[in-house]
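Chemist: What follows is each chain in one-letter form.
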Amino acid sequence: MNASETPERIVVVGASLAGLRAAEALRDEGFTGELTLIGDEPHAPYDRPPLSKAVLSGWLTTDHTELPRVRDIAARWLLGTSATGLDLRARRVELADGRQVAYDRLLIATGTRARPWPQQQGGTLHGVHVLRTRDDADRLRTALAAGPGRVLVIGAGFTGGEVASVCRDLGLEVTVVHRGDAPLASALGGVVGRAATGWYRDAGVDLRLGTTVRALEGDARGRLRRALLSDGTVVEAEVALVAAGAMANTGWLAGFGLAADAHGVACDHTCRALADDGTPRADVFVAGDVARWPHPLYPGQLLRLDHWDNAVAQARTAAHNMTRPPHDHRAHRPLPAFWSNQFGVNLKCLGLPSLADQVVVTQGSLDEHRFVAAYGHRGRLIAAVAADSPRVLDGYASLIEAGAPFPPELNATDGPDRLLPLDAGFAHRPAPVPDRPTVPSIPPAPSLRSVPAGHE
Amino acid sequence: MTTDSPPEELRLVVDLNRCQSYGQCVYAAPTVFRFHGEEVLEYDYAPDPGIRREVERAAAACPVQAITLGRATEPAPLTTESAQ
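Quick mapping for you: the protein sequence lines, in order, are chains C and P.
Using the UniProt record's numbering, read the first sequence as starting at 1 and increasing by one per residue.
Using the UniProt record's numbering, read the second sequence as starting at 1 and increasing by one per residue.
Honestly, the hints are just simulated from the structure, not real lab data.
As the structure is a prediction and not an experimental result, all values here were calculated from the model.
For each residue, glycine too, the CB sits at the ideal point set by N, CA and C.
Nothing false has been slipped in among the hints.
Just some of the chain P residues that point at chain C, by a computed CB distance under 8 Å:
(1) L16
(2) E38
(3) T68
(4) G70
Based on the sequences and whatever the hints tell you, model everything.
Modeler: Structural data, given as structure tokens:
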């Protein structure tokens, strides 16, 4: 068949949130052919956000994180086996166990994995953890429940903060080592980051800013005992969580003709994967954390969003486009939205704060846990972060989408008398957003914006 | 579906971008939903099927309709293949 015909066989590689929601959406779109889901984990699709929170605290076990099936999908499930290769010409996915699965349309939704600690610096020691999967969470929960004398968290991004927060709830001593000047600063900037510093300190976390871990050291039995830090100090700890970001699961695509690298799989605004010459494939689509695409709100770059909301929305758009002729394709252009819960504070974010040059507190106060910070770029409102203010963001959403002036005139009853915009405090000032149409080219590594915007 | 099967398993998920922490679900099904801190909602994705009615009430009561209910598995048997 060619790309304009109705597909008879659709294969989805990746059986997590994006893969499951895409499969359901394909059936909603009227696809009646053979549907195959391939997942490298042995588990039915589950939700990752609780792994770093309610699971670690012991309130939920990981079998209580399974996602609901919202419709029958009559799929063939190939779980516990990973995809290892792709033949674009023959339209076949190769699996680790030697099987080959043929497709008319392919959806790549293989997501990301946690960046591991280097083996030669102690990464293989017993007690060194990452947190991405159900099995990771089970291992880390077991380690925390054993009551270690101190937990070391490497990285004060969203995951690092959530885990440190749970550790304090459990009464465990925690040291957090963070390269930057403030927690969350790469995603939310230095101003909100300084507020987050207060949350860490108030919770009794030993927070080491502007510091890195040189090496992890173990005892004769290969168990973690201590970390050597860049400032020359030593932290004794039996458990370490490496929360140093995520890497796209694209290794299985290397050398098979798609524009895929460690930053993700490039696709166009309709979720069609780009071949390595930059042209979109009519039969291969991408969705979720692994996808990088040109978002019309953020021209001149390819975005990759590690967001729950984006995985669901992009899966639906991809499913629609996989079953329709090109003239009926939709563009994927969501307003980014994500959230995190840490130190008892609910954080909700809209837009991409990391692109801002200025920030202003529009409601509440940074000294309290309850505030809203609005982010501007070149005099336009581009993002908002709400701390313990979950009901206020709807109003900001329409202003952000409209490109309203910054600082925004809100006249909120809990706003300051006068808006005082500050430098947003990003370590690397964002590159100017060019005023030109987006070209579907593949930016060289390092990616201009693999947006460090958190995971939920 | 076999006739001797226990009450059908249910699963749920809350869209926590949409959730505005009104807490109606916590009142309707306090063993399934809870607040941790003032505005932080936590919930059980796989509650006891015996309290399905409470969970359905919680979903219906959500002012922003952030709760999605579904099944644990589809009725059609999964054809998970161990080998070809």
